[in-house]
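**Student:** Here's the letter readout for the chains.
Number of protein chains: 2
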Amino acid sequence: MPVGLGPLPTLHPVTGFELGISSAGIKREGRKDVVVMRCAEGSSVAGVFTLNAFCAAPVILAKKNVVGEVRYLLTNTGNANAGTGEPGLQAAARTCAKLAELTGVPETAVLPFSTGVIGEPLPVEKIEGALVAALADLSVDNWAAAAAGIMTTDTQPKGASRQFTHDGVTVTVTGISKGAGMIKPNMATMLGYIATDAKVSQGLLQDLLRDAANKSFNRITIDGDTSTNDCCMLIATGQAALPEITQSSGALFAELKQAVLDVSMELAQAIVRDGEGATKFVTVQANGGATHQECLDVAYAVAHSPLIKTALFASDPNWGRILAAVGRAGVAQLDVSKIDVFLGDVCIASRGCRATTYTEEQGAAVMAKEEIGIRIELGRGTCSETIWTTDLSHEYVRINAEYRS
Amino acid sequence: MPVGLGPLPTLHPVTGFELGISSAGIKREGRKDVVVMRCAEGSSVAGVFTLNAFCAAPVILAKKNVVGEVRYLLTNTGNANAGTGEPGLQAAARTCAKLAELTGVPETAVLPFSTGVIGEPLPVEKIEGALVAALADLSVDNWAAAAAGIMTTDTQPKGASRQFTHDGVTVTVTGISKGAGMIKPNMATMLGYIATDAKVSQGLLQDLLRDAANKSFNRITIDGDTSTNDCCMLIATGQAALPEITQSSGALFAELKQAVLDVSMELAQAIVRDGEGATKFVTVQANGGATHQECLDVAYAVAHSPLIKTALFASDPNWGRILAAVGRAGVAQLDVSKIDVFLGDVCIASRGCRATTYTEEQGAAVMAKEEIGIRIELGRGTCSETIWTTDLSHEYVRINAEYRS
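Heads up: the sequence lines are chains A and B, in that order. Per the working numbering, the very first residue in the first sequence carries number 63; after that it's consecutive. Per the working numbering, the very first residue in the second sequence carries number 63; after that it's consecutive.
If several chains are the same, the list does not tell them apart, and a pair holds so long as it fits within one copy or across any two.
Listed next, the in silico DSS-like pairs over lysine-lysine satisfying Cα-Cα at most 30 Å (straight line):
hint, residue 1, residue 2
1, Lys400, Lys125
2, Lys400, Lys126
3, Lys277, Lys125
4, Lys277, Lys400
5, Lys94, Lys126
6, Lys125, Lys94
7, Lys89, Lys188
8, Lys277, Lys431
9, Lys160, Lys94
10, Lys400, Lys431
11, Lys160, Lys125
No lab work stands behind these hints: they were computed from the structure. The structure displayed is predicted, hence computed values, not measured ones.
Let the hints inform the model, and build the full structure from the sequences given.
**Tutor:** So, in structure tokens, the structure goes:
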């Protein structure tokens, strides 16, 4: 059961961005496993991609071609086309070429995305065979169906949408996402697609996406593993009746930036809420760092500690495990006598020791909740970082141990 | 059940090194929880200590005083005296002072070691009350009893012993260890004590220990957490009828070095074999690195991946998870097309792709074993590193989630 994740919210259509879903029967006959997205002519497209050195064939192609004119995004589930070498690259290119041929755009205007089993050859013919139906299905109203169509091991579709009005014109930002990176290994991958009808240059769009991803998708972790296929795309169709938005657009730029960030954050947190075996949604905040990096190091040391994650699963306010994780985070010249740790609003450790005001009952009350905050005050500077994670449950082991067997 | 860990081997006494065990009733009435070790006058003592910034009070004291004359090591279980601030330092000092008073040595000649619950005040009076009985129990033949006496959540005592002969004189190296660092959080801590009757200067002894620890205790990982209390000590009593061993002692030096390494390795691996919920003993080897650090980065990325650990638990030859972990290890300019991965002797991935010769049956046969080797060939240079770890089982989650509750 996902933690605090309700049914899909209303996903407002984005003029100039259509989605079509069909079934190639890659893993199971009849399953919706192919999604085609069409961007209106003149759209700008930005992307952020996995840093895993073993990035999959579609990622290599999408990364290369995102800088040019992009008209179609082609996503399949059920096969990641990763660890497949040169034949994998050719397979991804073939599916793009087929879609280009059917739609009369250059092959480089189609970006491929794959998620699923690693190391199996991509079933090119099956995907090619599903393209006509997907194209026939294209509609601006298909966000919810596409959110379901890109799911692999997700238990719920994930989407978010924001609108704001400027000079009487409504601007929309809508997005969908799937499955946290590598939380289900061979059915891996985080994918995110966000579109807006604002008009934004490719360069600025890339900046907006990078900034939003660094505060959302790049701040979530289930188990510390990074997929070979992670991608997040941001498309600006420019169909809203507004001039191009630049960094000099003042409030309009700020509103768009905030809407992109809000949608990214909601999509990213939805991935954590639906993390494998998750029973808790945990916010880890490291404040008072001398650098952003040391805040991240501390937050990730806490978020990745199996001991803390099992304590969270058990609703056990085990503050010693948190102190120990902070202590091994590798922060140079860490003065433990300046560190305070809070569980929710409860101070559990003050100046490196158990807080004199702390009682187990207070800690237990926070830990009993589904949404838990861990805040570490380092007392070294003014930098802050926040990340989101889950607990480590029996269900996580069961799912990951029993998968494939 | 520990993986491939039999009953204690014969632990040869070390002349000049006596051990005494008694009960202070720290956690449970009657439990042997205090161990005193006496080093003959003129002994050299070396130590390596946790790098966790939150190091416990006894670690701070032991680290400070190990450079002087050391005559006694005082260990208690049941309380880690960690996260206890200034009062904790005073408490540790008081137990040392009491033992010094009883034995007529300077207070600084007693080094304290604690393992157990974090953040609780050390029960100084209970420990003081147990010292007379421990001193009365001192004997060179007490290694096995001491191995049991330092246990916390270990399911079996751990010891190792080597002897070699030089000029007709037998030299002995014997050691004991307990519980892997932070594999059981609040009953944390890896402790190791190794003694030899060879005569070695403090400086050289420290070099020998650091070198051995870097190849053994510092190459094991259960869950990536590092205790606040980890220590390993090496004592040379100089009671064997041989001249002092120096780096110029040729074969004699080499034999001693090897014996210390062998004992360290056996003790370290015993900790992994008895890791929490362990059902597999896993050797991860990264070869062909440009630097030792990148080999370690790759090996730890594999050893710490919950996805790989759950696959090991499930005996699932999930090679995609291994490639993905190597890819995210953070090695700069990693050329994945040069990487080979072996499971035991079976090549599962060649030049970054699934090996054409590989079959799931071959992989499954290796994974079905209790002892599993994962070897990654990076093809970048000549450096190698090996580490040892376990799988991630239901039992791990159960133990760590249910502990304290």
